[in-house]
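Peer 1: Protein chains in written order, with this note's numbering: chain A, 184 to 523; chain B, 184 to 523.
Careful, some of the hints might be misleading.
Identical copies look the same in the list; a pair holds intra-copy or inter-copy alike.
[What the hints assert, rightly or not] No farther apart than 27 Å at their CA atoms in a straight line, the calculated lysine-lysine pairs in the BS3-like style are these:
1. K418 to K469
2. K203 to K192
3. K420 to K469
4. K203 to K282
5. K203 to K305
6. K192 to K469
7. K469 to K203
8. K418 to K203
9. K469 to K305
10. K203 to K420
11. K305 to K418
12. K469 to K282
13. K305 to K282
14. K420 to K305
15. K192 to K305
Hint data in this document are derived by calculation from the structure and do not stem from the laboratory.
2 protein chains.
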Amino acid sequence: MSVATQTLKKFVNAPEDVVKESLAGLAAAHPDVVRVDFENQIVVRAGSPVAGKVGLVSGGGSGHEPLHGGFVGLGMLDAACPGEVFTSPVPDQMLAATKAVDGGAGVVHIVKNYTGDVLNFKLAAELADDDGIEVESVLTNDDVAVEDSTWTAGRRGVGVTVLVEKIAGARAEAGGSLAEVAAVARRVNDRGRSFGVALTSCVTPAAGTPTFDIGADEMEFGVGIHGEPGRRREKLKPAAEIVAEMTDAILSDLSPAPGARLLAFVNGLGGTPLIELYLVYNELAKQLADRGHEATRNLVGNYITSLEMAGVSITLLELDDELTALWDAPVHTAALRWGT
Amino acid sequence: MSVATQTLKKFVNAPEDVVKESLAGLAAAHPDVVRVDFENQIVVRAGSPVAGKVGLVSGGGSGHEPLHGGFVGLGMLDAACPGEVFTSPVPDQMLAATKAVDGGAGVVHIVKNYTGDVLNFKLAAELADDDGIEVESVLTNDDVAVEDSTWTAGRRGVGVTVLVEKIAGARAEAGGSLAEVAAVARRVNDRGRSFGVALTSCVTPAAGTPTFDIGADEMEFGVGIHGEPGRRREKLKPAAEIVAEMTDAILSDLSPAPGARLLAFVNGLGGTPLIELYLVYNELAKQLADRGHEATRNLVGNYITSLEMAGVSITLLELDDELTALWDAPVHTAALRWGT
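Let's have the full structure, built from the sequences with the hints guiding it.
Peer 2: Listed below in C-alpha cells is the structure:
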C-alpha cells in the first residue's frame with residue numbers, strides 16, 4: 184500500500200482490489216442468495232441454473248451498487264457481471280454468466296445503453312449463440328436528460344434498469360418463454376423514463392479525486408450515473424422546484440395516459456441521506472397528484488448509485504395490471520426482498 | 184426561502200420543514216405499513232393498536248434514517264417519535280405514541296442513551312403511568328468507543344438499537360408479555376457492542392456547515408452518530424487495519440464465548456457507498472473467523488445513519504437459539520422486510 188492510497192478517503196485496501204474484495208463480502212454475507220465465481224468475476228444466483236427457466240443476465244461497471252449484483256436471486260437476475268469501477272465488463276464475463284444460468288430456455292441480456300456495455304454484450308451473445316444458447320438482448324435507455332453523452336450514443340440507461348430486472352425476473356420465474364420475458368422487459372423500458380440531479384461529484388477509487396468540479400451552490404441538472412454532464416449546470420433551488428422540473432422533464436417525454444397509474448422510483452445516487460429521499464418522494468407524489476396521476480407503487484432508496492455522489496434520480500414507469508402483478512411478485516435478493 | 188438556504192447543499196425546502204416533509208414522504212410511500220400523526224409528529228404502525236400485544240415505542244433525533252420511523256411495522260416497532268434533526272423528541276410525542284400503540288398489554292420504550300432522550304422518555308413513562316399504561320424502559324448503550332460523550336453520561340446507544348427493535352419486536356409479535364419483551368430487549372443490548380469510524384462530517388440542515396472539521400487524510404476513530412468525538416483522530420489506514428482495530432475494540436469488551444455465533448452488522452453512516460460496506464464486511468468476516476467466531480447472521484447497509492457522514496459502524500451481537508429465531512422471524516417495515 185503506497186502512501187498515496189492512504190489519503191484516498193474510502194474504506195479500501197489497494198484501489199485495484201476494491202471490486203473483488205467487495206464481491207467477496209457480498210458472497211460472504213448472502214450465501215443463501217448468491218455465489219461469486221471469482222475466476223470469471225461474476226455473481227450467480229445460488230442453485231443456478233434453474234432447469235427450464237429463462238435466465239436473466241445483466242452487468243456493467245461497478246460503482247452503482249446494489250446494481251447489479253445486489254439484484255441477483257429469486258425473481259430477479261440469475262447473474263451479474265461487474266466490471267471494474269465505471270468500466271464495462273468484458274465479453275468473457277458475460278459469456279461465463281450466460282453459460283452459468285442457461286437452464287435450456289434461453290437467456291435474456293439486460294444491457295444499459297453505454298457503448299462499451301453494448302459492444303461487449305453483443306459479442307458475448309454471438310459467442311453464446313456459437314455454443315447453442317439462444318440470447319435475447321434488451322437495451323435500457325430511459326434517461327431523458329440528454330441525447331448522446333460521454334459514453335453513450337442515444338439515451339443513457341439508468342433507473343428503469345432496476346424495474347426491468349424486477350419485472351422481467353418475475354416473468355421468468357413464472358415460466359415465461361424467452362420471447363415473453365424479453366418482450367415484457369422491453370415494454371418496461373418503453374414505458375419508463377428517468378432524470379437525475381447531482382449536488383456533488385463521486386470519487387472513483389482509481390482516481391482518488393472528484394470526477395467533476397461543481398460549485399458550493401450549484402447542481403448538475405440531468406447528470407449521468409458516472410458524473411456525465413446533464414442539460415445544464417445551475418444554482419441550487421428548493422427541492423419543490425427541482426422535483427417539479429424533473430417531473431416535467433419525464434412526463435413531457437413519457438406522455439402517460441390521463442389518470443395513469445405510475446410506479447414512482449426515487450433513487451439516491453449514494454451520498455444523499457434517506458431523510459432527503461423521502462422529502463423528494465413527498466414532492467414527487469404531490470407533483471403527480473397535481474397532474475392527475477397516481478403513484479400506485481413506489482420504491483425509495485439507493486438502488487442505482489454513483490459511488491458517494493450526492494444526488495437523486497426519479498424514474499416513472501406507467502403501470503398496467505400485468506406490470507403491477509409482476510412488480511408485486513416475490514423477490515429475494517441482497518438488496519430487494521418481499522414475499523419470501 | 185431566503186438566499187442563504189439556497190446554498191445549503193441538500194434536497195430541502197425550508198430547513199425547519201425537513202423533518203415533517205420527510206415524514207410526509209414516508210407516509211405517502213408506505214400507507215400499508217405506517218401512518219403519520221402530524222399533530223404529534225409520530226410514526227405509528229398501520230392498524231395500531233394491536234389488541235393484546237405489547238407495544239414498542241422508540242424515538243430520538245432525526246437524521247439517523249431509517250432509524251426509527253423506517254422500523255415501524257409488523258414484527259418491529261409500533262411507533263417512532265422523531266425529534267428535529269439531532270434533537271430529542273419531547274415527552275408529549277412519546278406519550279402520544281405510547282397511547283396510540285397501547286393494546287392493553289403494556290408498552291416498552293427503547294431508549295438510546297443520550298441525556299435528552301433518557302430524561303424525556305422517563306417523563307413520558309411517568310405520564311403514561313398516570314394514564315394507567317404500564318411502561319418498561321430499555322436503555323441501549325452499546326458503543327464501546329468512549330465512556331461519557333458530548334450528550335451522554337455513560338456509553339452511547341447506537342447500532343444495537345436496530346437489533347433490539349427487531350428482536351424485541353418479534354417477541355412482542357409472538358405474544359410475549361411486557362416483562363418478556365423488555366427482558367429480551369435488555370438481553371440483546373447486554374450481548375451487543377458497537378464501534379464507529381467517520382471519514383467526513385455530516386451537515387445538519389439547520390447549520391448548513393460541517394459539524395466538525397477533519398483533515399483530508401484523517402479519520403475519527405470511535406465517532407458518535409452526531410459526530411461526537413471518538414477515541415482519537417488519526418491518519419487513514421487500509422480497510423483491513425481499520426476493521427481489525429474495530430473488531431478488537433468490540434470483542435475485547437464483549438468477550439464472547441469461544442466459537443460464539445455472532446450477528447455481524449456493518450452499518451453505513453450515510454455517505455459511504457455500498458461497495459465499501461461489503462468490502463468492510465469481507466474484512467470483518469475474516470477477522471471473526473481468525474478469532475474462532477462465526478457470523479451466522481448479518482446485516483449490511485445504511486440503517487442507523489448520521490445524515491451524509493462517510494463512515495461505518497460495526498455491531499456484533501452474540502446470538503443464541505432464541506435470539507436467532509427472533510431475528511429470523513417475519514418483519515415488514517419500510518426499511519427491513521423479510522418473511523412477508
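Peer 1: Checking each numbered hint in turn, tell me which of them this model violates, lowest number first.
Peer 2: Those not satisfied are hints 9, 11, 12, 14, 15.
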